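Participant: Please work from the sequences and hints to get the whole structure.
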Amino acid sequence: MAADDTLGAFINDLFAGADDEVPLQEFRRGLVHKRMKDIASAANRAAGLVMGIIRKHEDRMQFDDEFQLVIAGRLAIYRVDINAFINKFVNPFDYNSFDVVEVHPKSGLVNEPKTACVQVQPQKNMPACDLLAGYILGLLNDDVTWLQESLTPLRRTLFQIYGLAQSPLTASMQKHFAEEVDGVFDFKTDTFTFAGTNGWMWRLHFGQPLTKGCKVEYRKPRQWWWNPLFDDIDKESTGHYALSGFFETVEHLSACPALLRNANEWQTDPIFMRKVATDYPPLAKTLVHRLTSDSYDPDGILCYYDEPISHDQADTIRLLDELVLERALA
6 MAADDTLGAF INDLFAGADD EVPLQEFRRG LVHKRMKDIA SAANRAAGLV
56 MGIIRKHEDR MQFDDEFQLV IAGRLAIYRV DINAFINKFV NPFDYNSFDV
106 VEVHPKSGLV NEPKTACVQV QPQKNMPACD LLAGYILGLL NDDVTWLQES
156 LTPLRRTLFQ IYGLAQSPLT ASMQKHFAEE VDGVFDFKTD TFTFAGTNGW
206 MWRLHFGQPL TKGCKVEYRK PRQWWWNPLF DDIDKESTGH YALSGFFETV
256 EHLSACPALL RNANEWQTDP IFMRKVATDY PPLAKTLVHR LTSDSYDPDG
306 ILCYYDEPIS HDQADTIRLL DELVLERALA
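Here this note's numbering is used: position 22 in the sequence shown is 27, and no number is missing along the way.
The set of hints was computed from the structure by calculation and includes no laboratory data.
Please read these numbers as outputs of a predicted model, since none were measured by experiment.
Treat the hints with care, as some may be off.
Unchecked claim - In silico DSS-like pairs for lysine-lysine, Cα to Cα no more than 25 Å straight-line:
no.	residue 1	residue 2
1	193	225
2	119	225
3	119	217
4	217	240
5	217	193
6	193	111
7	193	180
8	39	61
9	111	180
10	111	61
11	193	220
12	180	220
Facilitator: In structure tokens:
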């Protein structure tokens with residue numbers, strides 16, 4: 006009997022507010038209809054918000070003759086396909102997403118612009134136009150948002166446009182790296198110097214005209230001189246993702262050499278790790294067991310993409326292995 010009372014109470018709670026004289030299905034339809042109208046009202050308010058933002062910033066947000074929204078950010082100019090957004094709003098199953106934006110240099114629109122996938126993190130029950138409002142405000146204030154982790158594609162695109170020379174990116178990038186890794190840019194020598202672990206310092210040379218990647222140097226505690234590690238990190242490493250771009254390289258090196266003592270071949274570049282180990286005995290000693298194992302073969306090392314490294318890279322690793330063991334057993 007107690008169970009029946011509990012079930013009855015649950016059913017009453019489920020349909021609380023229902024009029025006993027209104028048929029159950031009509032009551033349910035009313036609830037759904039109210040929910041739909043509430044959503045439509047919220048969307049209408051959000052659409053007004055979007056238009057208000059564009060109107061308020063008319064000097065930096067304008068529609069061109071194709072009704073693309075052109076946004077003059079602090080770092081670049083963006084061209085947003087609003088029609089794609091509207092189509093998705095009308096039909097949620099239309100996947101012609103608006104999140105691919107044209108990115109033009111700050112100097113003006115170009116015929117063949119770069120593109121980037123820019124994503125805004127939606128909140129539960131957020132009206133679609135609120136999402137668009139966050140999107141366009143993020144582009145308007147790109148000097149703040151471009152360094153957010155979720156905007157990595159935009160960051161890469163801006164780097165493709167400007168590189169590391171002085172540009173609209175410079176001020177916010179200097180501030181970011183000064184706070185994160187105690188980093189300092191020197192544009193007279195085209196270098197970036199920053200702190201690693203264990204008292205190490207790293208220096209990247211990014212202004213070399215005949216190389217694809219940066220030159221990498223390091224300085225150990227109580228040293229006043231710089232030690233060369235790579236003349237061209239893109240050419241001389243295995244292409245591991247941790248060293249695949251400027252931001253990625255700085256983040257990885259700033260955690261080294263400490264990170265390398267427990268790293269495997271998947272977590273760092275195998276050539277980089279061995280080069281460091283030749284001048285860092287604590288790391289060299291941790292590699293002895295791995296390098297002297299009967300099953301160890303440099304030709305069996307896989308790059309990050311699950312493909313074997315090249316024969317030349319394997320030969321480089323063999324030579325470095327000998328130096329690492331000499332350092333460890335000295």
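Participant: Among the hints numbered above, which are violated by the structure, and what are their numbers in rising order?
Facilitator: Violated: hints 2, 8.
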